[in-house]
Amino acid sequence: MRALCWHGVQDLRVDTVADPTILNPHDAIIKVRMSTTCGSDLHIYDGYIPTMQEGDIFGHEFMGEIVEVGPEVRNFKRGDRVVVPSFIMCGNCWYCQQGLASLCDNTHPKPELQEPLFGYHTAGIYGYTHAFGGYAGSHAQYMRIPFADNDCFHVPENVPDEQALFLSDAAPTGFMGADFCDIKPGDTVAVWGCGGVGLMAQASAYLLGAERVIAIDRFPERLQMARQNVKAETLDYTQVDNVVEALKEMTGGRGPDACIDAVGMEAHGEGIGYAFDRIKQALRLESDRGTALREAIMACRKGGTLSILGVYGVMDKFPIGVIINKGLTVRAAQQHGQKYLPRLLEHASRGELDPSFMITHRFSLEDSPRGYELFRTKEEGCVRAVFIPE
Amino acid sequence: MQKSVTVNRPLEELYRFWREFGNLPRIMGYLDSVQVNGQRAHWKAHALKDQTVEWDTELVEDIPNERITWRSVEGAPLTHSGSVHFKPGREGWGNEVQLSLDIDVPNGKFGETAEKLLGIAPTLIAYKTLYAFKSLMETGEIPTLTGQPAARNGGRDE
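Residue numbers (the numbering used here), protein chains in the order written: chain A, 2 to 391; chain B, 3 to 160.
Isolated chain A, as found in the complex:
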């Protein structure tokens, strides 16, 4: 089959590789119908997250159609249209039973690589480095899905591929971020980032009862999406002297009740702090540029909630003292998508959540390297590039 493979920093190529086969009894094979770029891929594309190996198939946000099932798969058959969260859960361990899919104990093939980094290992994920499991990714014609009964979700007939696609990652990650905020009537939620995850976090905050949602970014087309498709208020950080002050002015001096970071380690920003981060990151002295996270910590009202969805490495100069003295609650995770998928599929089926507006560019799999370059530079207003294998 054909697949988009990682060959080095900013070096992706479409190669011919073997077709995936059933390797374990709970596996299924799907034909990928749609696959998309995720902001977190850029950290790998740009070389800030190590342990990709040359020849790894890239990508982790996708949907498709079952073509083959292993002997222990009960709930799916050939032809079923499915969406699959990017973290793989076994369904049996204590973490899975608590709905903490990305913390599954049993799906990381190389747990000994991750334990020294985190103290424990996480669940495995598709197309996202060997430290995170090394599973073949989704930018391919076919894919192997372990524990298909727990990880595949039937897509209702009235939910098109374009909507189901984002229920693989952007929507459940955004929804989880809003769920972390424990939203009460009247709450204001500020969201840093109007990429896929940020837009979904904004939409989810409304679904969970927020009174106001403030979306922060600098790209006009993304802010426009937040206004038009999500009905959020927007804040262009290049148009204000100070984001924290601007947010305080928008909230009567109180600050947002909850702040969601949907940006991560390659944040853009302005001023001396950003310049310093940028230099250190370029020299690989630190892996993270944390402008958005630092702003979120400062802006959040006292006793509020900080919800972190952006992907980070091991950041130095982290303002933990601000968190302590302001009594913030910090919630963070990689997506526990399987917990939220049934609800999100219902929202989509009832027309309450349609993420398809985020698709700005479509490519064949053969042209997918161009899709990543566009997505990285954000040229032509690229929010999400979607790949459609032949």
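Incorrect hints may have been included.
Simulated pairs of lysine-lysine, DSSO-like, Cα-Cα distance not exceeding 30 Å [to be verified]:
id : chain 1 : residue 1 : chain 2 : residue 2
1  : A       : Lys-327   : A       : Lys-185
2  : B       : Lys-5     : B       : Lys-118
3  : A       : Lys-340   : A       : Lys-185
4  : A       : Lys-111   : B       : Lys-46
5  : A       : Lys-185   : A       : Lys-232
6  : A       : Lys-111   : B       : Lys-51
7  : B       : Lys-5     : A       : Lys-379
8  : A       : Lys-111   : B       : Lys-118
9  : A       : Lys-111   : B       : Lys-89
The hints are simulated quantities; they were obtained by calculation from the structure and are not laboratory data.
Following the hints, complete the assembly by docking chain B onto the known chain A.
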């Protein structure tokens, strides 16, 4: 080296798996086979390319559902002793399994360490083994990449 894991299966089941040493190659990837002969066992590991290393162990202690201990007999090219303890764990999580492993290459040529011989650092073996064991017990399979597609080795991971 010593590591622990909690596994959500009955104690007897966990003990039975370990007591049958022939099962161990399933959770210790560097082993080819373990053949049991009474109180002794013959272990075979695929060492460096095209090499195998073999050694014999004897059972030192066997308390059902509590503890199994073994050690290599004199003259083995790779000295190896191990002990696995089983005890009831926290409600909802399962039972605790503690693995102690000691692996050394006493008369190895210069640089012929256990890591070079077995292809994995001995300090990583216990964690990897215990989680492979947990996955097998809790799900019936061990997560694997062997045979998945990739643009290397002719299109597939070995």
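Going through the hints against the structure:
no.: 1; hint: A:Lys-327 with A:Lys-185; result: holds, 19 Å
no.: 2; hint: B:Lys-5 with B:Lys-118; result: holds, 22 Å
no.: 3; hint: A:Lys-340 with A:Lys-185; result: holds, 21 Å
no.: 4; hint: A:Lys-111 with B:Lys-46; result: holds, 23 Å
no.: 5; hint: A:Lys-185 with A:Lys-232; result: holds, 19 Å
no.: 6; hint: A:Lys-111 with B:Lys-51; result: holds, 21 Å
no.: 7; hint: B:Lys-5 with A:Lys-379; result: violated, 47 Å
no.: 8; hint: A:Lys-111 with B:Lys-118; result: holds, 18 Å
no.: 9; hint: A:Lys-111 with B:Lys-89; result: holds, 26 Å
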